[in-house]
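This is what each chain is made of:
Protein chains: 2
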Amino acid sequence: MEKIRKIILSENEMPRQWYNIQADMPNKPLPPLNPATHKPVGPEDLAAVFPMELIKQEVSTERYIDIPDEVLDLYRIFRPSPLFRAFNLEKALGTKSKIYYKYEGGNYSGSHKANTAIAQAYYNKAEGVRRITTETGAGQWGSAMSFACHHFGLELVVFMVRVSFDQKPGRKLLMNTYNAKVIPSPSTMTAAGRSVLEQDPDSPGSLGIAISEAMEVAIQDPYTKYSLGSVLNHVILHQTIIGQEALIQMEKAGDYPDVVIGCFGGGSNFSGIAFPFLREKLLNGKDIRLVTVEPASCPKLTKGKFMYDFGDTAGMTPLLPMYSLGHNFIPDKIHAGGLRYHGAGVLVSQLLKDGFIEAKAKLQRECFEAGVLFARTEGILPAPESNYAIAGALDEARKADLEGVSKTILFNLSGHGHFDISAYEKYFENNLPDHELSSEEIDKSIANANLPNLM
Amino acid sequence: MEKIRKIILSENEMPRQWYNIQADMPNKPLPPLNPATHKPVGPEDLAAVFPMELIKQEVSTERYIDIPDEVLDLYRIFRPSPLFRAFNLEKALGTKSKIYYKYEGGNYSGSHKANTAIAQAYYNKAEGVRRITTETGAGQWGSAMSFACHHFGLELVVFMVRVSFDQKPGRKLLMNTYNAKVIPSPSTMTAAGRSVLEQDPDSPGSLGIAISEAMEVAIQDPYTKYSLGSVLNHVILHQTIIGQEALIQMEKAGDYPDVVIGCFGGGSNFSGIAFPFLREKLLNGKDIRLVTVEPASCPKLTKGKFMYDFGDTAGMTPLLPMYSLGHNFIPDKIHAGGLRYHGAGVLVSQLLKDGFIEAKAKLQRECFEAGVLFARTEGILPAPESNYAIAGALDEARKADLEGVSKTILFNLSGHGHFDISAYEKYFENNLPDHELSSEEIDKSIANANLPNLM
Numbered sequence: 001m002e003k004i005r006k007i008i009l010s011e012n013e014m015p016r017q018w019y020n021i022q023a024d025m026p027n028k029p030l031p032p033l034n035p036a037t038h039k040p041v042g043p044e045d046l047a048a049v050f051p052m053e054l055i056k057q058e059v060s061t062e063r064y065i066d067i068p069d070e071v072l073d074l075y076r077i078f079r080p081s082p083l084f085r086a087f088n089l090e091k092a093l094g095t096k097s098k099i100y101y102k103y104e105g106g107n108y109s110g111s112h113k114a115n116t117a118i119a120q121a122y123y124n125k126a127e128g129v130r131r132i133t134t135e136t137g138a139g140q141w142g143s144a145m146s147f148a149c150h151h152f153g154l155e156l157v158v159f160m161v162r163v164s165f166d167q168k169p170g171r172k173l174l175m176n177t178y179n180a181k182v183i184p185s186p187s188t189m190t191a192a193g194r195s196v197l198e199q200d201p202d203s204p205g206s207l208g209i210a211i212s213e214a215m216e217v218a219i220q221d222p223y224t225k226y227s228l229g230s231v232l233n234h235v236i237l238h239q240t241i242i243g244q245e246a247l248i249q250m251e252k253a254g255d256y257p258d259v260v261i262g263c264f265g266g267g268s269n270f271s272g273i274a275f276p277f278l279r280e281k282l283l284n285g286k287d288i289r290l291v292t293v294e295p296a297s298c299p300k301l302t303k304g305k306f307m308y309d310f311g312d313t314a315g316m317t318p319l320l321p322m323y324s325l326g327h328n329f330i331p332d333k334i335h336a337g338g339l340r341y342h343g344a345g346v347l348v349s350q351l352l353k354d355g356f357i358e359a360k361a362k363l364q365r366e367c368f369e370a371g372v373l374f375a376r377t378e379g380i381l382p383a384p385e386s387n388y389a390i391a392g393a394l395d396e397a398r399k400a401d402l403e404g405v406s407k408t409i410l411f412n413l414s415g416h417g418h419f420d421i422s423a424y425e426k427y428f429e430n431n432l433p434d435h436e437l438s439s440e441e442i443d444k445s446i447a448n449a450n451l452p453n454l455m
Numbered sequence: 001m002e003k004i005r006k007i008i009l010s011e012n013e014m015p016r017q018w019y020n021i022q023a024d025m026p027n028k029p030l031p032p033l034n035p036a037t038h039k040p041v042g043p044e045d046l047a048a049v050f051p052m053e054l055i056k057q058e059v060s061t062e063r064y065i066d067i068p069d070e071v072l073d074l075y076r077i078f079r080p081s082p083l084f085r086a087f088n089l090e091k092a093l094g095t096k097s098k099i100y101y102k103y104e105g106g107n108y109s110g111s112h113k114a115n116t117a118i119a120q121a122y123y124n125k126a127e128g129v130r131r132i133t134t135e136t137g138a139g140q141w142g143s144a145m146s147f148a149c150h151h152f153g154l155e156l157v158v159f160m161v162r163v164s165f166d167q168k169p170g171r172k173l174l175m176n177t178y179n180a181k182v183i184p185s186p187s188t189m190t191a192a193g194r195s196v197l198e199q200d201p202d203s204p205g206s207l208g209i210a211i212s213e214a215m216e217v218a219i220q221d222p223y224t225k226y227s228l229g230s231v232l233n234h235v236i237l238h239q240t241i242i243g244q245e246a247l248i249q250m251e252k253a254g255d256y257p258d259v260v261i262g263c264f265g266g267g268s269n270f271s272g273i274a275f276p277f278l279r280e281k282l283l284n285g286k287d288i289r290l291v292t293v294e295p296a297s298c299p300k301l302t303k304g305k306f307m308y309d310f311g312d313t314a315g316m317t318p319l320l321p322m323y324s325l326g327h328n329f330i331p332d333k334i335h336a337g338g339l340r341y342h343g344a345g346v347l348v349s350q351l352l353k354d355g356f357i358e359a360k361a362k363l364q365r366e367c368f369e370a371g372v373l374f375a376r377t378e379g380i381l382p383a384p385e386s387n388y389a390i391a392g393a394l395d396e397a398r399k400a401d402l403e404g405v406s407k408t409i410l411f412n413l414s415g416h417g418h419f420d421i422s423a424y425e426k427y428f429e430n431n432l433p434d435h436e437l438s439s440e441e442i443d444k445s446i447a448n449a450n451l452p453n454l455m
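As they're listed, the protein sequences go chains Y and E. Just so we're aligned, residue 1 is where the first sequence starts under this note's numbering, counting upward by one. Just so we're aligned, residue 1 is where the second sequence starts under this note's numbering, counting upward by one.
Treat the hints as calculated values from the structure; they're not laboratory data. Just so you know, nobody snuck in bad clues.
Repeated chains share a single entry, so a pair holds when one copy, or any two copies, can fit it.
Okay, derived cross-link-like pairs now, PhoX-like style, lysine-lysine, Cα gap no bigger than 25 Å in a straight line:
#	residue 1	residue 2
1	K6	K252
2	K125	K91
3	K181	K426
4	K56	K125
Quick caveat: nothing in here was measured; it's all calculated off a predicted structure.
Let the sequences and hints guide you as you build the complete structure.
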């Protein structure tokens, strides 16, 4: 019998609802707090920043939320995305396990970020917004928003973390091609940026700083809103289409994963694939493990503290209950720019605390090694971020082989690495400095955040 | 009713045979000639360069040739490729016509080149070859061969045209990641390269020169063969899977093209999509136009001479009956590196001469303008080469609108432009020098080729 390498779905098979895990969490997430009053923030507190429909999604406890027709229509230029069986990779490993991956890099943005970009641009447009500001790390999120905003007739200004701006010049040019304006962050355009530059004129930037800058610009104009590419509940919600599709595809493959793996920055690609499977565990008792893989140099889930912290560096967001390294933590300049974030989304944080998911951390060199093996066997050049998920999948396969068992492993290949190719050059040059963050460094960073204990 | 944006096929629907147009050409192509004797070359003359199975395909007149199982199996990591209806582009144009495109950039190589790379690597491996040499322009072909050779356990050495080597550094790194060795051409490694460098130490190189270098290295070692990414009949043959799929997909869409369009370098992506439709015209009387679009700075089909010429600059190949600008013609440094070739494949040349296909030429600026419109509407960033096909499709739509009719237009989107993004920067900077080659320049170049008249 011939091997079927990929399970594809037609556009008519595409799910028409996102899945909201807030409906099914045994312990609901703690509320975001106003940093001045320490009281829970209400929808009105967020109205200067986000359109009302997204604020409603942020707090909704409905299990399913309909995807608007306009969003479904644009999803169709690239969704449903394929689910691959990694036969070549399995053969190279000599593993008894089966490895599947959902590939989210086949769209215009080169990553899963398009799933929420299109939804966010749509809801903003529907409420009369004219301009959006946002941050981007490696540039995948910025690219995703650039096309989405152009499609819906919105202007876009992107604050791009400077280290990624310098490492990945192609990403800026791609955003320009989609008609967006891109500014390296920290910039002199905002008070938040100027403050960072005063302390360190050579600051490599961070997602936290770029968020502060984008928010600062947004709140100055009623027709400008801010948009975030990960972390928040509504972003996670939009990404669940990944897992919703994967469930159908695994069924078509006649298989079911023992473990689902995603790399971890703020939580959106991991949650997107994992939460629908977690629903099956919570509601239908399906046995499954859900594993995040984060950089050892930015280990909020494995070594951070569960606490109330800001989502951005300048402290403009509400205080969020999350695992964090402290909001002014500046991660190493690893090439997985999308994973250089100090905190973890509220939903993932609560679920990790409650033992529903697992977290592990890895050094980037091992992840690039996994990525090169993947490229040479499966063909697709992975994003540096996605390499963490691949490395996690290899761990699971090797462990199963040592134990003499066969597992079914599913990971999210969140994006391609075409604009990150110089990172691979550094790998071959053996020039990927990185380190495992120590407890002392973490304690210092958290103390430096100077936050009240609100737990 | 909801719009279906893409027609996809399952792996089981993938065609299992390539289509060989030599079976159905009213006038068969003239034979290649030995440059010394001016007698037709036989299979044995090519045996030092190509494996026997590819030589057989080069001269076969069988209508269909089975795709080997090993090739089908690897095709499945990315084939069948999707056929899109360009609804967003149509809307932006305000056209009454329907525009479809077959997208060949969704695979590891980012272009259609993977279709023949996998086949060529397979046949070489099957005949005991250990190492392959090849040329590449913009790097798509070299990337395609890199992964294919690694998969089948072959070494690969790629001579990359220097201007593209400098313009597109990411492509070299991608080939390295797939484990290939890449050398800028002209190089000092071969007599052919040294000869060019003696005359012009700053030579930008050309596909013709790179072919000479790769062939020179190959013929020195019995376990090394040479591989070509376009032009030759067996390459065209492998690419017909594009059109074979497109025929099924257009039928599923309930439509049939009035015109099929491809950009033109050596002929492989155009022929790949067009020849199966030409078969339907020749055998079943289906009305259709087949249009090539080439650079005005390298206009072999629109302004070149139909003559016997060499496929490479140093004159190592047999003499081929083709439209050519002269084998030592050095094209402008346009960013569509894959279109910088002096000649046209033998099959396309004969069919153009016989009036079965049409040719037009365009300046690169207009093609980039079309590419940016395409990116901003359909999402996919096209390769600079593919922009010529898009510009050709826009011409057809606009012409139909002027005439008050609706046409069904199909073009081949041969690849993505992720590694060509700096070319888009030049477009936005209004820095894309280019010129329409004059009759005087062409006469001079052809005289400079110094060839006997053998027609």
